Amino acid sequence: MTMDHAPAAASNGERRWNPVTSEVVRALHRAVGRERVLSTPEELLAYEYDATIERGTPQAVVFPESTEQVSAAVAVAHRFGVPVTPRGAGTGLSGGAIAAVGGVVIALTRMKRIIEVDRVNRIAVVEPGVVNLDLSRAVAPFGLYYAPDPSSQRACTIGGNVAENAGGPHCLAYGATTNHVLGLELVLADGEVVHVGGRTRDVPGYDLTGAFVGSEGTLAIATKVTVRLSRIPESTRTLLAVFDSVDDASNAVSAIIAAGILPAALEMMDRHIIAAVEPVINAGFPLDADAVLLIEVDGLEEATTEDAAMIRGICDAQRAREVRLAVESADRERLWAGRKTSISALGRLYPNYYVLDGVVPRPRLPEVLRDVYRIAETHGLAVANVFHAGDGNLHPNLLFDERVPGATDRVLAAGAEIMRRCVDAGGSITGEHGVGLEKRDFIGWIFDDIDLAVMGKLKAAFKADGRYNPCKAFPTTRGCGELTDRVVARHAPALGTDIYV
Amino acid sequence: MSSTTAPAAIDEFRAAVSLRAPGVVFQDRGERVAVDECLPDVTCAPSIESDVSAILSEASACGLSVVPYAAGAHMGGANVPREYDVAMLMTRLDRIVAHEPADMTVTLEAGVPITALNATLAAHNQFLPLDPPAADRATVGGVIAANAHGPLRHRYGTVRDWLLGVRVVHADGSISKAGGRVVKNVTGYEMTKLYCGSFGTLGVVTEATLKLAPAPPVRVTVAAQFDTASAAGLYAMAAHDAGLAIDAAELLSPPATYALFGEPRWCVLARAAGGPGAIERTLRELRAYAGAMRGALRECDEATWAAWARALEPGVLALRASVLPSRVAETVEVLDRRFAGAAALLSATVSAGLIRANLDPTRGIRGGTLYESARDVVARRGGTVAIDAAPASLKRQYDVFGAERADIAIMRRIKQEFDPRGTLSRGRFAGRI
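These protein sequence lines map, in sequence, to chains A and B. Here the first sequence is numbered in the working numbering, starting from 1 and rising by one per residue. Here the second sequence is numbered in the working numbering, starting from 1001 and rising by one per residue.
What the hints contain is simulated information worked out from the structure, not anything from laboratory work. All of these numbers come straight from a predicted model, not from anything done at the bench. Treat the hints with care, as some may be off.
Only pairs whose alpha carbons sit at most 16 angstroms apart, straight line, appear in this in silico EDC-like list of lysine to aspartate or glutamate [unchecked claim]: (1) A:LYS463 - B:ASP1161; (2) A:LYS112 - A:GLU65; (3) A:LYS463 - A:ASP449; (4) B:LYS1211 - B:GLU1263; (5) A:LYS459 - B:GLU1417; (6) B:LYS1211 - B:GLU1100.
Derived Cβ-Cβ restraints for the label pairs, each shown as a range [as the list claims (entries may be wrong)]: (7) B:ASP1172 - A:ARG79: 27 to 37 angstroms; (8) A:ARG79 - B:GLY1382: 34 to 44 angstroms; (9) B:GLY1382 - A:GLY284: 16 to 26 angstroms; (10) A:ARG79 - B:LEU1019: 50 to 60 angstroms.
Derived coverage of chain A by chain B (criterion: at least 3 residues anywhere in the stretch with Cβ under 8 angstroms from a Cβ of chain B; other residues may be distant) [stated by the list, open to error]: (11) 31-41; (12) 173-187; (13) 292-302; (14) 390-401.
All C-beta atoms, glycine included, are put in the ideal place defined by N, C-alpha and C.
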């Protein structure tokens, strides 16, 4: 996967990207300082991957420390027609930070200042490299926290969260990243710095902040983010409900939602996850259970008492073998440690795992989940499920060993089939990880050419062409397919043509 | 205003639409769809999406300007149309397409009124938590276009937080969709956000899928009256900071309190909503906070909110200010002083930093003077003022969206990309886009 094939212009005359020449590197040195640019092959290796199985080696990595430096580096890339890929902590699960066609990676990890915290108005202004959990820790003394909590929150950055519109278990009650961003400072593809949104809730004009969040680094680079903080609730109760069948657990999820209870989080883990997690974390998940639900309610003491009692009753009625209640924070944290480390714990049991991120309407959860197990079995794969059951957001983990010939291919085939099943059920191919590199060939199952063309208009309005985080979020275009050694594209057409959702 | 358009173009448009979309009902110009004192040359009422598409593509081909119109509840919140050839009445698109009670989502056509929807949902103990002052008439499409909201914003935010997916007809008649029908989804750009508050300048939403909220089991409304704005503000902030089970809390100026209760005092009208235990605790604490601020608290019935809606529905001149929550009480106090003599009804959602003002400029002070005064008071406190309703003459003088910001260039390019011929709501957006 080298840049040698990169065409300066596609044969149809459409402008493409140029390689990073020594002249470009010298210009980057002048723009941001030599010490902030990596360009030797051995230095670049560390920046060729994220948390997916995708790889792509950049030709230069820039570490700006200010908006001005981001703008200067981006302007250099613009002048030379070089692709730009923004990068945070590299914990993404859709290949969003992969330099798919080489070019310049703008690594924002050194921009990690919390610029301001306004306790009374519950606002913080942060740089994009601030780690999600660090922000919550910094504002905890004020009784506040930053609500979106992706499982990678100890490492992932706010900038990356904004790019992917990251979620997390507590999305169910509190919404995803988009519900917590008020304003942004952006560097456009030509280096122009623009402010959108603001500190107050209502800013006249189109909601550019809302349109930007989740644009996967294809519209601009956020260099400052104004976020809403939330008040730490006075009471939190976490229930662990143990089930002897996945179906019963799924039915309990539907019953809780249907009863008009909106828990702060409602998570499911199946027996494979329990087997991976429990020996390491000792969270107290019974090894012989088929599934456990982790259910959290928060708010006023009186409200959590009432809700927890109702949830217990519902779980009992849905044949829960046991329901445990954790009130003390140490007990609750142990349960959550089991949830948040579950995917990485799989790494102990299997050399590789492939995380999917499908969404289905909540009433369809039991049947789709059954099909997930069936599809994996058909492909001769083990699958472990840990997911945000409360909002129908599945995370099947396909377990495999990439050294076994053909294994990766089977995983991608099974993954595509599961994605298709979610779409057929009226759902989506991604709930919180982003389309990225991985799923761009599936997007046609959901959006037709007109839908995508409308999104392209937004891109044009931001002056972003295919040079800004190329090959992401949109279907494969020429220049992407031949540069990445990908198998997914072969599976998409086999499963069906565009359907209307 | 629209008489510059040649009658021939209108006739051509009518003929073409009749041919392509025989179901479209035409009406002659009428007061019913007046926008800023402008009347259209023709009104057409589609009842299905393909009719909307035919109307827009033919209007675009004939170079006409179309303004989508539903209940007309929020038409004042955008600029005066530069041309107004065709009114497209959206109220016949009024079907609820699919309600999924177990998924807590609903898909419906844009012309469904919010209260009609909520009446249907009530049987399932669910509701769409949007209560703009004109909720009895306001349609889902209008609320999306105008980003309209009411007191429930305190707990439930705005329509952008509930909108999961849309179908949109664009200026050239093409039809696109964005988002989806599931409650969590990051496939594709968040185009839904762009349409919220776009006042029909980028496309016409024909169908929307929205998330629903469970209806709280118990609701109790209480009004606490105070001698000063700051006491009322402290009470509202204390309730907010304590995380009490409140779904609405409006700080009212003395004239607004007078309109509701016949007493010219500062007031916070709040509604406790939740389970019995949470309600009991919330009311107990509210009583204690009110006492600490020398206020008097009393229970009111739910109908008080209907009275609030009548009082705050944008009238002759209505403004909406956005400031930081910490500046609300003081800003409201200054505005109340400045507006003395203009029968100003002020109501603020403190936690959202939102201040609504309903003014009567006929009482001696020029509307322009009132607007400029409000704009300057709010700007000095780091906020912005938008116009929700005003006489056309005033709106021609002042952009209702306020001063242009640096990001107007992106907005202009968005409009150019979406509607290069200016078919949709020409001149009505920020910067008279």
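Consistency of the hints with the structure:
Of the supplied pair hints, the one linking LYS463 of chain A and ASP1161 of chain B is violated, its CA atoms being roughly 27 angstroms apart against a limit of 16 angstroms. Using a Cα cut-off of 16 angstroms, the hinted pair LYS112 of chain A and GLU65 of chain A holds, with the two alpha carbons roughly 9 angstroms apart. Between LYS463 of chain A and ASP449 of chain A the CA atoms are separated by roughly 20 angstroms; this puts the pair beyond 16 angstroms, and the hint is violated. For the given pair, LYS1211 of chain B sits about 39 angstroms from GLU1263 of chain B by alpha-carbon distance, which is inconsistent with the 16 angstroms threshold.
This hinted pair checks out: LYS459 of chain A and GLU1417 of chain B have alpha carbons roughly 10 angstroms apart, not beyond 16 angstroms. For the hint linking LYS1211 of chain B to GLU1100 of chain B, the alpha-carbon distance of about 10 angstroms falls within 16 angstroms, and the restraint holds. A C-beta distance of roughly 35 angstroms is found between ASP1172 of chain B and ARG79 of chain A, which places it inside the suggested range of 27 to 37 angstroms. Range check, ARG79 of chain A to GLY1382 of chain B: Cβ separation about 37 angstroms, and the 34 to 44 angstroms hint holds.
The given range of 16 to 26 angstroms is broken by GLY1382 of chain B and GLY284 of chain A, whose C-beta atoms sit roughly 50 angstroms from each other. Distance hint for ARG79 of chain A and LEU1019 of chain B: a CB-CB separation of about 53 angstroms, consistent with the stated range 50 to 60 angstroms. Given a C-beta distance limit of less than 8 angstroms, the hint that chain B covers the stretch 31-41 of chain A is violated, as 0 residues qualify and 3 are needed. Counting residues of the stretch 173-187 of chain A whose CB lies closer than 8 angstroms to any CB of chain B gives 4, so the stated coverage by that chain holds, three being the minimum.
Check on the stretch 292-302 of chain A: 4 of its residues sit with their Cβ under 8 angstroms from a Cβ of chain B, so the three-residue criterion for coverage holds. Given as covered by chain B, the stretch 390-401 of chain A passes the check, having 3 residues with a CB less than 8 angstroms from a CB of that chain where 3 are the minimum.
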